[in-house]
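There are 2 protein chains.
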Amino acid sequence: MLPVLVVHGGAGHIPPERAKVSIAGVRSATRAGYAVLRRGGSAMDGVVEAVTQLENNPYYNAGCGSVLNVKGEVEMDAIVMDGKTLASGAVSAVRNVANPVQLARLVMEKTSHLCLTAEGANQFARDMGVAEVPAESLITDYARMRWRKNLQPDANPVECQMGKMGTVGAVAVDMEGNIACATSTGGMLNKMEGRVGDTACIGCGGYADNKVGAVSPTGHGEAIMKVVLSRLILFHMEQGQSAEAASDSGLAYMKSRVGGLGGVVTVDPQGRWAARFSSRQMSWAAAQKDTLHYGVAAGEHFTQSIDEPN
Amino acid sequence: MLPVLVVHGGAGHIPPERAKVSIAGVRSATRAGYAVLRRGGSAMDGVVEAVTQLENNPYYNAGCGSVLNVKGEVEMDAIVMDGKTLASGAVSAVRNVANPVQLARLVMEKTSHLCLTAEGANQFARDMGVAEVPAESLITDYARMRWRKNLQPDANPVECQMGKMGTVGAVAVDMEGNIACATSTGGMLNKMEGRVGDTACIGCGGYADNKVGAVSPTGHGEAIMKVVLSRLILFHMEQGQSAEAASDSGLAYMKSRVGGLGGVVTVDPQGRWAARFSSRQMSWAAAQKDTLHYGVAAGEHFTQSIDEPN
Numbered sequence: 001m002l003p004v005l006v007v008h009g010g011a012g013h014i015p016p017e018r019a020k021v022s023i024a025g026v027r028s029a030t031r032a033g034y035a036v037l038r039r040g041g042s043a044m045d046g047v048v049e050a051v052t053q054l055e056n057n058p059y060y061n062a063g064c065g066s067v068l069n070v071k072g073e074v075e076m077d078a079i080v081m082d083g084k085t086l087a088s089g090a091v092s093a094v095r096n097v098a099n100p101v102q103l104a105r106l107v108m109e110k111t112s113h114l115c116l117t118a119e120g121a122n123q124f125a126r127d128m129g130v131a132e133v134p135a136e137s138l139i140t141d142y143a144r145m146r147w148r149k150n151l152q153p154d155a156n157p158v159e160c161q162m163g164k165m166g167t168v169g170a171v172a173v174d175m176e177g178n179i180a181c182a183t184s185t186g187g188m189l190n191k192m193e194g195r196v197g198d199t200a201c202i203g204c205g206g207y208a209d210n211k212v213g214a215v216s217p218t219g220h221g222e223a224i225m226k227v228v229l230s231r232l233i234l235f236h237m238e239q240g241q242s243a244e245a246a247s248d249s250g251l252a253y254m255k256s257r258v259g260g261l262g263g264v265v266t267v268d269p270q271g272r273w274a275a276r277f278s279s280r281q282m283s284w285a286a287a288q289k290d291t292l293h294y295g296v297a298a299g300e301h302f303t304q305s306i307d308e309p310n
Numbered sequence: 001m002l003p004v005l006v007v008h009g010g011a012g013h014i015p016p017e018r019a020k021v022s023i024a025g026v027r028s029a030t031r032a033g034y035a036v037l038r039r040g041g042s043a044m045d046g047v048v049e050a051v052t053q054l055e056n057n058p059y060y061n062a063g064c065g066s067v068l069n070v071k072g073e074v075e076m077d078a079i080v081m082d083g084k085t086l087a088s089g090a091v092s093a094v095r096n097v098a099n100p101v102q103l104a105r106l107v108m109e110k111t112s113h114l115c116l117t118a119e120g121a122n123q124f125a126r127d128m129g130v131a132e133v134p135a136e137s138l139i140t141d142y143a144r145m146r147w148r149k150n151l152q153p154d155a156n157p158v159e160c161q162m163g164k165m166g167t168v169g170a171v172a173v174d175m176e177g178n179i180a181c182a183t184s185t186g187g188m189l190n191k192m193e194g195r196v197g198d199t200a201c202i203g204c205g206g207y208a209d210n211k212v213g214a215v216s217p218t219g220h221g222e223a224i225m226k227v228v229l230s231r232l233i234l235f236h237m238e239q240g241q242s243a244e245a246a247s248d249s250g251l252a253y254m255k256s257r258v259g260g261l262g263g264v265v266t267v268d269p270q271g272r273w274a275a276r277f278s279s280r281q282m283s284w285a286a287a288q289k290d291t292l293h294y295g296v297a298a299g300e301h302f303t304q305s306i307d308e309p310n
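Chain order of the listed sequences is X and R.
Each residue of the first sequence is one higher than the one before, counting from 1 in the working numbering.
Each residue of the second sequence is one higher than the one before, counting from 1 in the working numbering.
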């Protein structure tokens with residue numbers, strides 16, 4: 001069953017004209033991450049590769065294409081976690097970097113800390129020789145249009161957010177049985193300056209433990225935080241639930257207790273996986289035994305050979 | 001059994017000459033928070049009152065008296081959580097405010113977000129009319145001395161940290177059975193600029209749920225984050241463990257899995273409470289049925305009337 005990699009490109013209400021583009025990017029990122037695993041790369045290498053590809057793809061709310069905060073600026077959160085040691089790295093409210101997920105990995109590998117925020121995260125990026133990119137290079141016309149629209153007095157950014165392809169993330173188990181997760185996001189549409197969502201927060205925006213599994217979520221960040229969703233789902237798995245049942249339990253609890261919608265990709269140590277969501281759609285793909293699985297609407301589950309063109 | 005309030009003033013290796021001062025402040029803060037509960041105040045009012053007192057007390061690593069980052073500056077994290085709704089508010093890497101715990105409460109009450117960081121948190125403080133205090137007013141001679149000492153090439157800030165009175169926090173159940181927690185800290189001695197520890201991270205630096213209980217931790221922040229300690233302890237309680245047994249289980253797991261030491265104060269909905277630690281000491285106090293309980297070394301448990309002078 002190993003290796004396996006599962007990727008999401010955000011939960012929400014994805015309009016039909018955007019669903020095709022959304023699923024294409026997720027399939028491509030899944031292929032890239034799985035290629036890393038297939039040639040013996042680590043689960044961490046695989047999830048970072050997949051998430052990097054989606055950060056570089058302007059159709060997702062992460063890296064280039066991130067939503068804008070209320071001031072019209074991009075501030076990004078990202079996290080990685082290594083299930084062998086429970087080591088983790090995160091950045092919050094970071095600017096001017098193309099790949100926050102790679103910076104999060106550097107926090108894990110090169111510091112004694114788990115999370116660096118704002119200017120401190122950018123100072124660390126400079127110290128590590130990470131290229132600083134112009135703020136404008138991360139902003140798409142689509143993001144700017146939505147920002148302007150949500151500055152109107154009658155706007156509802158939370159509602160509007162659910163129509164946007166969202167946060168991106170991945171979970172993987174490599175050939176040695178090591179597990180990792182990665183998540184990256186531009187956050188909430190028209191958020192306040194300095195808003196930190198679930199993605200930078202371990203247990204909320206991701207968790208990986210070789211003994212239990214891994215989760216990467218997407219959806220309403222504040223709701224995910226209130227129920228510490230990723231760790232919650234893994235607790236259900238520790239109690240004997242399957243990755244799929246635990247994911248559904250966690251999402252159902254989030255909906256009933258705090259009224260939040262979202263989705264997750266989940267793996268267990270044996271390589272069993274799930275891509276589940278309580279939102280209307282979530283673009284997702286999984287690669288296992290050289291088969292690519294993917295879908296976007298509830299109940300959808302297509303398969304093709306991993307080597308077939310997109 | 002209600003109301004009840006339990007407070008900690010940090011876990012670590014507290015030298016005898018500082019233990020007396022440490023426990024005096026915690027007892028005083030516990031009395032103040034309990035007085036709020038006794039006159040019908042909410043659990044949230046009680047924990048914020050207790051933590052505010054400790055932030056204002058220069059002997060603790062929170063508010064005035066916070067440890068300094070590597071640049072010699074104070075950057076603070078704080079969190080509050082309301083167990084009725086799972087609402088929460090946090091600030092990370094905030095500067096120039098006397099009471100980060102009160103700002104965290106404003107994030108919860110006045111925004112749609114759960115966490116604001118760095119300059120965004122300070123901008124929000126200004127928008128709310130929170131007084132800006134000079135950076136120098138938060139820095140004690142003791143903090144500056146320790147910062148200088150840890151700039152030496154052979155310094156070990158993590159080890160040194162364990163000799164410092166640490167993070168402060170409180171949990172409470174009010175007369176209506178509502179539960180809350182609050183935690184506040186200056187973080188890790190000589191930390192990197194922008195380092196965010198467990199305190200700003202829901203599930204790690206605190207969690208409160210009316211159906212289960214509440215936890216506020218202290219100790220090695222990065223270890224607390226890796227095991228999502230507060231939520232972990234509450235999961236054990238959901239599985240039927242007592243507040244005391246669950247706290248011990250969580251701390252033992254943190255020690256064995258990631259090598260971290262710390263302590264917690266914990267309550268359950270019936271008002272049963274625990275103050276447990278794996279570090280050498282933790283200054284703690286609890287108020288219940290007009291009795292003040294307190295201690296600092298392992299096995300210590302003194303009691304006196306709540307109305308007796310300190």
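Among the hints, erroneous ones may be present.
For identical chains, the list gives no copy identity; a pair is met inside one copy or between any two copies.
Unchecked claim - Computed list of lysine-lysine pairs in DSS-like fashion (alpha-carbon distance at most 25 Å, straight line):
#1 Lys84 - Lys110
#2 Lys71 - Lys149
#3 Lys71 - Lys255
#4 Lys110 - Lys71
#5 Lys289 - Lys84
#6 Lys20 - Lys71
#7 Lys289 - Lys211
#8 Lys84 - Lys211
#9 Lys211 - Lys20
#10 Lys149 - Lys255
#11 Lys255 - Lys110
#12 Lys110 - Lys149
Don't read these hints as lab results, they were simulated from the structure.
Cross-check of the supplied hints:
In this homomeric assembly, lysine 84 and lysine 110 come within 25 Å of each other (Cα to Cα) only inside a single copy, at 17 Å, whereas the closest approach across copies is 40 Å. Within a single copy, lysine 71 and lysine 149 get their C-alpha atoms as close as 13 Å, which meets the 25 Å cut-off; across copies the closest is 41 Å, which misses it. Taking the closest pair of Cα atoms, lysine 71 and lysine 255 never come within 25 Å of each other, the shortest separation being 30 Å inside a single copy and 44 Å across copies. When the C-alpha separation of lysine 110 and lysine 71 is checked against a cutoff of 25 Å, the pair qualifies only between copies, where the shortest distance is 19 Å, while the shortest distance within a copy is 32 Å.
Within a single copy, lysine 289 and lysine 84 get their C-alpha atoms as close as 23 Å, which meets the 25 Å cut-off; across copies the closest is 46 Å, which misses it. With identical chains, the CA atoms of lysine 20 and lysine 71 are never at most 25 Å apart, being 31 Å at best within one copy and 49 Å at best between copies. Within a single copy, lysine 289 and lysine 211 get their C-alpha atoms as close as 22 Å, which meets the 25 Å cut-off; across copies the closest is 43 Å, which misses it. Within a single copy, lysine 84 and lysine 211 get their C-alpha atoms as close as 8 Å, which meets the 25 Å cut-off; across copies the closest is 32 Å, which misses it.
For the identical chains of this complex, lysine 211 and lysine 20 are neighbours neither inside a copy (36 Å) nor across copies (43 Å), given an alpha-carbon limit of 25 Å. For the homomeric pair lysine 149 and lysine 255, neither the shortest alpha-carbon distance inside one copy (28 Å) nor that between copies (50 Å) is at most 25 Å. In the homo-oligomer, the alpha carbons of lysine 255 and lysine 110 lie at most 25 Å apart only across protomers (23 Å), although the nearest pairing inside one protomer, at 38 Å, exceeds that limit. Within a single copy, lysine 110 and lysine 149 get their C-alpha atoms only as close as 41 Å, which misses the 25 Å cut-off; across copies the closest is 23 Å, which meets it.
The structure fails to meet hints 3, 6, 9, 10 from the earlier list, while all remaining hints are met.
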